[in-house]
Amino acid sequence: MTMLAPIAPSLSRRGFLTAGAALGGGLLMGFRIDVAQAAVPSALPSALPPGVPPVPNGYSINPNAFVAIAPDGKVTFQIPQEEMGQGVYTSLSQLIADDLDVALDRVTPVPAPPVEALYGSPGSGRMGTGGSRSVRSFYTVLRVVGASARAMLVQAAADRWQVDPKTLRTDNGEVIDDANGGRRLSYGELAQAASALPVPTDVVLKADKDLKLIGKPVHRLDTPAKVNGTAQYGIDVRLPGLRIATLAASPVVGGKVAHVDDGEFKKLPGLQLVVLDDIVAVVGPHFWAAKTGLDALDITWDGGPDGKIDSPQLWQALRETSAKPGALGTNKGDTTKAEGDRLDVAYELPFLSHAPMEPQNFTVHVKDGGCEMWGGSQVQAAAWNAAAKVLGIKPEKVVFHNYMLGGGFGRRLDVDMVTKAVRIAQKVDGPVKVVWTREEDITQDVYRPAYRNVMSATLKDGKVTGWSHRIAAGSVAVRMSGKPLDGGLDRGALEGATENNYGVPNFHVEFIEAKPRAINVGYWRGVAPNNNVFASESLMDELALKAGQDPVAFRLAHLSSTPRLKAAVERVAKEANWGSPLPSRVGRGICAQFAFGTFIATIAEAEVDTSGHVRVRRMTSVIDAGRVVNPDGMLAQVQGGLIFGLTAALYGEITIKDGRVEQRNFNDYRMMRINEAPSIDVYMIENTEAPGGIGEPGVTAAAPSLVNAIAAATGVRLRRLPIDRDKLAERKTASL
Amino acid sequence: MPTLRINGQSHLIDAPDDMPLLWALRDMVGLTGTKFGCGIAQCGACTVHLDGKAVRSCLLPIGSIGNQAITTIEAIGDTATGAKVQKAWLDIEVVQCGYCQSGQIMAATALLNATPKPDDNDIDAAMAGNICRCGTYVRIRQAIKNAAVSA
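First to last, the protein sequences are chains A and B. According to this note's numbering, the first sequence holds residues 4 to 739 in order. According to this note's numbering, the second sequence holds residues 10 to 160 in order.
For reference, chain A alone in the conformation it holds in the complex (with noise of 0.2 angstroms):
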């Protein structure tokens, strides 16, 4: 399979004409779109299938910006979300092929260029791939597209026949009057044709018995190239003439260069140099020059006014912060006014680092009053305007190849690698790759926040009649968009807190910004609902407890309004066979989490040593995620996310000492090994319901579930990540 060479498109006000070329000159179809025309297509269906979303009004969709089809039949696709190992490459071109009736060994996925007016998502209008949102913004937009391809396709065939389009009909890739012998012609003939006849108006979609991908477990089409070392990530850029450069930034947020002594350095040849306000790099032949050469440098840093921040300050401030009132998420009856017993209890997560595989790492050249660059984003039309704001030049100037992740989990929702590698970049003459080395890639990172969520319920003859509870950590939307917060309230803090899953019939949620010193905040994998899981499943697990229930029963007994989970919650007890005997010092917990569009229960199976040492036996998960693109690629993100999950909530921990972040490494920041990952169950609940997200409900259903499964084996609360091993002691358990 030839595939996954990063295209590029020359972009202009014109038009991508050079993407044709990029293609090996089949441009027939697809791609020659002039940016303006973007508003004028519009297929929208008049009806859809159960489920399927509605496209909001007013989005137009253009087939010709997605597919392309060669006169030999190869189909390319432009797919305008990123390959970050989530599978979207795959099933997004599952949802164009499938409409357009092509089997998936024609077609190459290829990433679409920054164009916002063309690939915009439904929602935002922004190019982003995050929140577990890809699918659930595309699904019917792709399907469209392949729909509205193939009508123009089976068009053109009627137009050459002289038929009426109706009676003809296709089969992979092939257009067939069944009434005239059967004669057929091959979409690749019929693409210059197509591409000339309007954008059809109503498109109708395949009924779901006609589909023959979507939903089906589909081989991977990005895969075949990372098995072998071919896969090209932007670390991997190979140009004549580059250099490459490492980087030392300023080890505090808001920190300066104070001086830099480059007496070893200078006995070293061939290297250049580069001192900015806030960033030390050094320029050499390879990276390990440029390393060696940065490693030369004594650098003295004016770490500003938070130079001095230590992380037991940061969580004094986050707590005195936390007791505050904050602004209303949403309320539901008073409750103040709701009787019981009352519990009241506040859990805290940690800062957190991404730490994907792939270093941070960007390629630029600056030239001729423009810019090229290589490289991995989850925001490409913001990392090509961010290259062309530093720059000076208007974003048409800068010229963007893109590339797959080697692991994203948000870290690449900011741009701070782009624009530290072009600052870099306009100081050398040529092309340069700037690669961070880890140990600049984690201290240098935007981190998962610091929450703490402090929580009040009600317990009355064994219901929850109360719920209040206060989300205080830094806003990522205040920290990425430089604006404040309207009316104090982050709404993308509130999810996995205000859905009231349980039905509580006093419930309140609110939200206080609790600005971190020293710190950038960013979008981790998870996002909100992995502070608001842990609290809401932590705390649904102490009122079983309080109401002497079994954690499931009383879930169960709480779920009357929200089916699918109540459903998801019965299956997972089945089968992780909840209730049976276990060893002492082993305990089951579960997780029952609504999130990301998607219904997920789970159950950690963990065991804990008298030392206080934690192994996780066993997870098991029913997920009910709607309609399903690609199942097996939904089990793998589920696997995956759990381990992402498990790795957090057992060793994740980032902590600050005079201003600067402690952790460096693999050896101190840890992650999950294969020596310690469990054995992993998913099961999948199938329906037509509209598709949910799935990157990321299995990681915020870890945490939660392993606390839980934590008190059921050693009777202790863990109320605070990452897991505290000396809490858990036999020395301390044995006297509870």
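Think of the hints as simulated: they come from the structure by calculation, not from any bench. Check each hint, because a few of them may be wrong.
What the simulated footprint calls covered on chain A by chain B, stretch by stretch (three residues with Cβ under 8 angstroms from a Cβ of chain B suffice, anywhere in the stretch; the number is not a length) [claimed, not checked]: (1) 238 to 249; (2) 553 to 560.
Derived DEER-like restraints, expressed as beta-carbon distance ranges [to be verified]: (3) D131(B) - A326(A): 50 to 56 angstroms; (4) K62(B) - D671(A): 24 to 30 angstroms; (5) D131(B) - S583(A): 45 to 51 angstroms; (6) G495(A) - K62(B): 55 to 61 angstroms; (7) S159(B) - T303(A): 56 to 62 angstroms; (8) Q77(B) - R494(A): 56 to 62 angstroms; (9) K62(B) - A261(A): 35 to 41 angstroms; (10) K96(B) - K486(A): 49 to 55 angstroms.
Because the structure is a prediction, the values reported are computed rather than measured. Glycine included, every Cβ here is placed at the ideal spot set by N, Cα and C.
Guided by the hints, dock chain B onto chain A, whose structure is given.
Same frame as chain A, now just chain B:
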């Protein structure tokens, strides 16, 4: 300026003896399938074979290699075991982002060459040095077992 034998070909490397093999492969020979992950032999993304044994190229000085045969992910499919492992990986779709998988496949191939029928403990011992941030461990374990029983 050592000469290295990489995937059956000799390469004269114009770099100091203390440079780790990883950078000779990636930045000089142009074999970018071997990945940089941590630089301190903690993650396994840079795993290659030296005379068939898995080593971390990010800390291996090129001056210490001598005439030992270096095999990278680009050529491991030319070996019977390597091809079997790659097929097993694709059959059950182990890979997600894929960045660590060159190293995972090199480590798994070395394991199966040394221990054709590994049990779970063998897999743990051979693979615990390879981090996968996407969390594909369940499938890695299964794929190794599948490769072990395939012809």
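Hint-by-hint comparison with the structure:
| no. | hint | verdict |
| --- | --- | --- |
| 1 | 238 to 249 | holds (count 4) |
| 2 | 553 to 560 | violated (count 0) |
| 3 | D131(B) - A326(A): 50 to 56 angstroms | 53 angstroms, holds |
| 4 | K62(B) - D671(A): 24 to 30 angstroms | 28 angstroms, holds |
| 5 | D131(B) - S583(A): 45 to 51 angstroms | 30 angstroms, violated |
| 6 | G495(A) - K62(B): 55 to 61 angstroms | 49 angstroms, violated |
| 7 | S159(B) - T303(A): 56 to 62 angstroms | 58 angstroms, holds |
| 8 | Q77(B) - R494(A): 56 to 62 angstroms | 59 angstroms, holds |
| 9 | K62(B) - A261(A): 35 to 41 angstroms | 47 angstroms, violated |
| 10 | K96(B) - K486(A): 49 to 55 angstroms | 52 angstroms, holds |
Comparing the model with each earlier hint shows violations of hints 2, 5, 6 and 9; every other hint is respected.
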